[in-house]
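Colleague: Chain by chain, the residues run as shown.
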Amino acid sequence: MEAIAQPSSEMAAPKKKSTSALVRVVRYSGVRLVTLFITVVIAIYLTIMIANMGGYVDRMMRNEIEENITMQVASGKAYQNLTTEAKKELAQQMIDLEIKRLHLDQPLMVRTVGYLSNAITLRLGRALQMASDTGSRQVRLIILERLPSTLLLMGSSQLLLFFASLFLALSLSRHYGSFWDKLIIALTPTSAAPPWFYGIFLILIFAAILKILPFGGLVSAPPPTDQFEYFLSLLQHLLLPGFALFFSGFFLSIYGWRTFFLIYSSEDYVEMAKAKGLSARDIERRYILRPTLPNIITNFALLLIGVWQGAIVTETIFNWPGLGRTLYQAIGFNDTPVIVATAIIYAYLLAITVFLLDFIYALVDPRVKIGGGS
Amino acid sequence: MDTLKSSFREILRYPSAIVGLVIVLLLVVEALYAVIAIPYREAIRLWRSGEETWYANPKFAAPAWINLFREKKLPVSFHVSSVDGEISKVATPGTQDISTINFEYTFDFQADGFPQELMLYFTTTYETKQPFATIVLVTPDGRQIRVADTGIEHKQNVRFSQQPKLISRYKDQLIPEGLFSDPQAETPTALKGEYQLLIYGTTFEAGSDMDVEFVFHGQVSGLAGTDMARRDLVVPLLWGAPIALAFGLLASLGTSLLTMIIAAIGAWYGKWVDELIQRVTEINMVLPFLPIMIMIGTFFSRSIWVMLSAVVLLSIFTGSIKAYRAIFVQVRESMYIEAARAYGASDWRIIVRYLVPRMIPLLIPGLVSGVPGFIFFEATLAVLGLGDPTLPTWGKIINDAETHAALYKGYYYWILEPAVLLMFTGLGFAMLGFALDRVFNPRLRGV
Chain G
0 MEAIAQPSSE
10 MAAPKKKSTS
20 ALVRVVRYSG
30 VRLVTLFITV
40 VIAIYLTIMI
50 ANMGGYVDRM
60 MRNEIEENIT
70 MQVASGKAYQ
80 NLTTEAKKEL
90 AQQMIDLEIK
100 RLHLDQPLMV
110 RTVGYLSNAI
120 TLRLGRALQM
130 ASDTGSRQVR
140 LIILERLPST
150 LLLMGSSQLL
160 LFFASLFLAL
170 SLSRHYGSFW
180 DKLIIALTPT
190 SAAPPWFYGI
200 FLILIFAAIL
210 KILPFGGLVS
220 APPPTDQFEY
230 FLSLLQHLLL
240 PGFALFFSGF
250 FLSIYGWRTF
260 FLIYSSEDYV
270 EMAKAKGLSA
280 RDIERRYILR
290 PTLPNIITNF
300 ALLLIGVWQG
310 AIVTETIFNW
320 PGLGRTLYQA
330 IGFNDTPVIV
340 ATAIIYAYLL
350 AITVFLLDFI
360 YALVDPRVKI
370 GGGS
Chain B
12 MDTLKSSFRE
22 ILRYPSAIVG
32 LVIVLLLVVE
42 ALYAVIAIPY
52 REAIRLWRSG
62 EETWYANPKF
72 AAPAWINLFR
82 EKKLPVSFHV
92 SSVDGEISKV
102 ATPGTQDIST
112 INFEYTFDFQ
122 ADGFPQELML
132 YFTTTYETKQ
142 PFATIVLVTP
152 DGRQIRVADT
162 GIEHKQNVRF
172 SQQPKLISRY
182 KDQLIPEGLF
192 SDPQAETPTA
202 LKGEYQLLIY
212 GTTFEAGSDM
222 DVEFVFHGQV
232 SGLAGTDMAR
242 RDLVVPLLWG
252 APIALAFGLL
262 ASLGTSLLTM
272 IIAAIGAWYG
282 KWVDELIQRV
292 TEINMVLPFL
302 PIMIMIGTFF
312 SRSIWVMLSA
322 VVLLSIFTGS
332 IKAYRAIFVQ
342 VRESMYIEAA
352 RAYGASDWRI
362 IVRYLVPRMI
372 PLLIPGLVSG
382 VPGFIFFEAT
392 LAVLGLGDPT
402 LPTWGKIIND
412 AETHAALYKG
422 YYYWILEPAV
432 LLMFTGLGFA
442 MLGFALDRVF
452 NPRLRGV
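Chains G and B, in that order, give the protein sequences. Heads up: the first sequence at position 121 corresponds to 120 in my numbering, and the numbers run straight through without jumps. Heads up: the second sequence at position 12 corresponds to 23 in my numbering, and the numbers run straight through without jumps.
To be clear, the hints were calculated from the coordinates, so they are not data collected in a lab. Fair warning: there could be bad hints in the mix.
As the list claims (entries may be wrong) - With a cut-off of at most 25 Å between alpha-carbon atoms, the simulated BS3-like pairs for lysine-lysine come out as follows:
hint	chain 1	residue 1	chain 2	residue 2
1	G	LYS210	B	LYS83
2	B	LYS176	B	LYS166
3	G	LYS210	B	LYS84
4	B	LYS70	B	LYS203
5	B	LYS203	B	LYS176
6	B	LYS84	B	LYS70
7	G	LYS76	G	LYS86
8	B	LYS83	B	LYS420
9	G	LYS210	B	LYS420
Bound conformation, chain B alone (with noise of 0.2 Å):
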């Protein structure tokens, strides 16, 4: 206890280490925090389910924040709805059972470029007779512009881009930029200011009724922004960082207990079980890595349990097993353990219990050090199309981006985000290992 107590106190001597503990301490906060606020099977549903969850969202938007660093702001995606009481909503029952409900939302546009598209998803409840709508949209400059009139049924949604009214009003523009245009100007420019958006729906059933969802595509959206697909990135990012450790930290531990355990019973049984190991590492180096894994991962599965169970078995016979058995072969010799073989301890008690324990020392620094490679692996497979198909992770964002040209069409987010989270965390695993690799060796604290 003492011993440990003291080391972390010399941990805490190296900057670095104090800066790597940090960010490892940020991301298990941050895994822990997606893992509870979004649970696992919502992740995947989020992750896996397309229009009907994210209708409501543009594709390719950049994260709202990148307006604090433009001097042309763009516009920000929102959607409001008259169930929730955003977009009021009044009701005027007539004679015949025909009434008129009314809408109206007014919103402040003061953005600098202009929306991808506006649409309106009507529900409405009737027997046989639909309601009717027509849409008006008021502009700061008093203009009335007609965006449809239009029967509605069940559940309808109704695009402005595809309005007859405003394809033959915009002729050789979009939609969206001529709606919110300035009239005057030469150039098209945005008109700031308020708009309105007026809805007259008339019923003519008795318990007919009508509601309405205002969806507006900016050019951007939320916290991290979009992707091909509308997903929101802020699911994957968030659920990328659970993955991450999760994977680093098994594989690293698995790699380097299990590297121990075989050097510590080949040294200790020696002669053919010895042998056989040594054997077995060599023919293992020769093997191709990657391309192994590459094979695992198109012919076989590509299941995150199958990948970190090659990864461990083909990383276990490598270099580090050689270096172990050295140090055992060492330390075999050594008095206690003769002192355990004389009291009659069997061959596994002493290997588990005065063997590996030895190295510990060892085992930690490599532990820690290990995990930025593995996380870096599991997205290297993702960058190559081979991740879990399931899994929200950050190597998928950069594949997902990599395949839609993302850094050629100007979307940086969409690499920047998981890259960056990428960077911090095998930095801050790389930082934490070096430093207590110089705790636990003293050897090479002098140097």
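Looking at chain G on its own, in the form it has when it is part of the complex (with noise of 0.2 Å):
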């Protein structure tokens, strides 16, 4: 992922001197958009494509529809009475209605450049079987219900992660080789384990031993009238799945962050402000973390992006109801619409930040010039 948004040798390279740089940005950002968005484009259509199977999982659901409906109509009370014959006509309207309404009687092609087109402006339609907490079918409210909870959960730990692990791993890298160093590298492998894996470990401790902290959900049941006790309790929930994504990915990030910074302290320059005599402080700030500052913008990025996916699993083992759950649920009632939705609002968030990072290197960081290679 991270290699997308890498700030590319080429763009390093020296000017050309032939056009306008008011040209060369403008021609550039126009090249960039549209191959982002043709790579939206067809990745949207992939996913639409896989979530239908190529058309096989429109069969599944006709044949869920009429085998419901007409068991809905042999066995129902209100039924009883009719006849055979009309029961049978009552069954074919009620699947026929059914299958319009969901959209099943157009050809698969034209359905999903329906899904296509409606993704690509945004228009998020309905949901087949969902419904967000309040009734509604719109997709719309059921991701803006769910928003907050996975923007709490993944927010708070994955800030948490990627600042705690950036300041560790400046000092540490300042103290190579130490006790502390080598510990941090010998538990690496830690992260190997996904953040679920974490979880588990985590209930059976606290919750099951000790019994100090709940086994999962949102609040405690019933939810607390007042507002202290609400966020009180919102705390006590949020801190086990928090610290299960934390903890999953700590080590290794600030391994990696370690290694990187410990490339850029043994620069020349670097060696010249030690030489120099200025303070640690000042060598990290000015000489370390400024040069390696795209590379922090491009995670943290990255980063807030990937809060918007949440953590299916995660949230599934912790019954946390945030947006990586209702994608799972979504994908058991086949809901298309649901689906679609928090793929094309990933894929835009991605490519809008790909393309803005570009021009953030280039104000950070003097020696990148827009366009300025090919």
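Since each chain comes alone in its own frame, lean on the hints to assemble the complex.
Modeller: Here it is in structure tokens:
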């Protein structure tokens, strides 16, 4: 993922003098936008096709509808006075209606292109099966309803992870080979396990054995009426899944940054600054952090859009009513509009971020020139 | 060969590599043992069968060895049969074809808890007249408790909890608790000592015979405990290893090899081939990986082979293809490639014989470090309920435990056993891969 946004060496190439800067920037942005847009369109269409398994899901849904309605009519109390013929006719009518409601009467191609154009224009439409807690079928409302809890969980854990590992790594990189440095390296393999795995252990220790934190959910039931108590309960429920997400990435993240900073601290200009007798703080801030800023920003931006996807398995294990679990449920219901909506928003966020990063690089790093290479 | 040897010696300098290597070797040995001890078909049969195979095990029983760490011991499950001679059987022929067959079994009960259930499985042979049996349990303090007097069909099981005599005797108590508790004690306390099971059988035909199996459902069972379907967890725990190793290694090998070859092809041919690979990679990076895998599992197939192919396919076109490409573009210009071109080597020969082998030092650590990710990914799918429906895997055990709220109800062994195995496997490969990375990429050694 990082590779798209990595400042490519082409950009740092010596500038051509033939075209003016403005023309170059505009032309570059135009080409970049078009490529990114095409990429997003193709990716979304692929997602739509996979969500329909190339028509396989249609047949599955048709069969399900037919079976359900036939059963309903055959065993329903309201229909028991009807003749077999009338029942059959009624069932057929209801089946046709349901198929029409789910647009299954249109050919797959028409439908998927419809989904695509709606997705691209961000008309998220209505869910097929799912509903928000307020009863709305609007995909927009379903997503907006689950967004805060995901933002809370992912946001808090990922931001903490990012800044904690960044600053710890910075101080470790100056104490290369120390006990703490070696300890962190030794613990790096722990990041091979996904967050849900640590979640299970955390539930076991803190919820099952020590009984001091809840097993899962967003707040205790019934939800506290008092605002302060609600907040406390929320915090209590946030602790375990948040820590699981944090811990799973922690050591690898520190290790990555530490190695990265070490490479930069062996640059000649850092040696020079040391020789001049600058304070450690100044060296860190002006000679190590400054040139690595583009990478730090890239990772931060990717982290922010990663928050959008939620954590499917961790949210499921902890019963956390966030976007990840919603997506998992949507897949269970074959609810294509919801699946496509989460995919398109992620794709857009990614594309916009990638596009903006080029400009941000140019802003923070004077060596980078937009569209300078090609 | 020499470089291989020296790299190996180099690896042994890292303690983490030795630990990792030992773990991986142990896993391989365990996997081989599993495949040899329980052949594939047998493992599948055991995993998918129900009561008919596993009737002798209690449900939700912890492993027997937890008694070592408990002050209050839990009763261990066992089953004995008169066919194997564990229950003594004395047949005495009588007049008019009526003969008596008496069974006797003595067992030492030293637990502090009560068993879940006691059962007798009778098998009899007769033409028309059913044999008859009287079942008595003698407690250590000499009380004779009559369990049942019952006619026995060809195949009949007698559950102690369902016997009317016992139900009326222990009105507001669980039957096994009543049978095994000290009548003098205020609160139910297990009475320790030798219990004796006596069965007085009578047959009414010449050639009529009777055999019995005594099944004692304790609270702990076997080496690994049991799940909700009485299945012994030893089977999936053992078989989880070969499946996890196969999935992790195949996925990692497939992904790294294909990534490398495709990157080499792109770098070698350049132009539109390269451009196409770059665009496909960018599209793939926008695709949501886990949701797509979940969709494939939900809508299409959960077969482990389908999942494996999908994982590999989606993992090829990622950031690493760009990293490899950058190196290949450099290598393409080197002298020995020039030489190969000069003597007329074909494109394919240059890619396979000259470009790709050059990257092996990068490939090996990446391959080993990639394994835990794939193993955990397979477990992740299983935890979401998308594991292969036929195969016994570690992730499936965790999924079963999760759906039965194992942590909430205190069946910790159920989740801990597969989780610890997963953790060791992941750690083993991660540590080894980490050390390999430092050996094969000397640039990292300084840092």
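Colleague: A separate judgement is required for each hint: does it hold in the structure or not?
Modeller: Results of checking the hints against the structure:
1. LYS210/G x LYS83/B: holds, 22 Å
2. LYS176/B x LYS166/B: Holds, because 22 Å separates the two Cα atoms, which is no more than 25 Å.
3. LYS210/G x LYS84/B: Judged against 25 Å, a Cα distance of about 24 Å means the pair holds.
4. LYS70/B x LYS203/B: It holds: about 24 Å lies between the C-alpha atoms, which stays within 25 Å.
5. LYS203/B x LYS176/B: holds, 23 Å
6. LYS84/B x LYS70/B: holds, 18 Å
7. LYS76/G x LYS86/G: Cα-Cα ~12 Å, so holds.
8. LYS83/B x LYS420/B: Given pair LYS83/B, LYS420/B holds - Cα atoms ~19 Å apart, limit 25 Å.
9. LYS210/G x LYS420/B: Holds, at roughly 12 Å.
Checked against the numbered hints above, the structure violates none of them.
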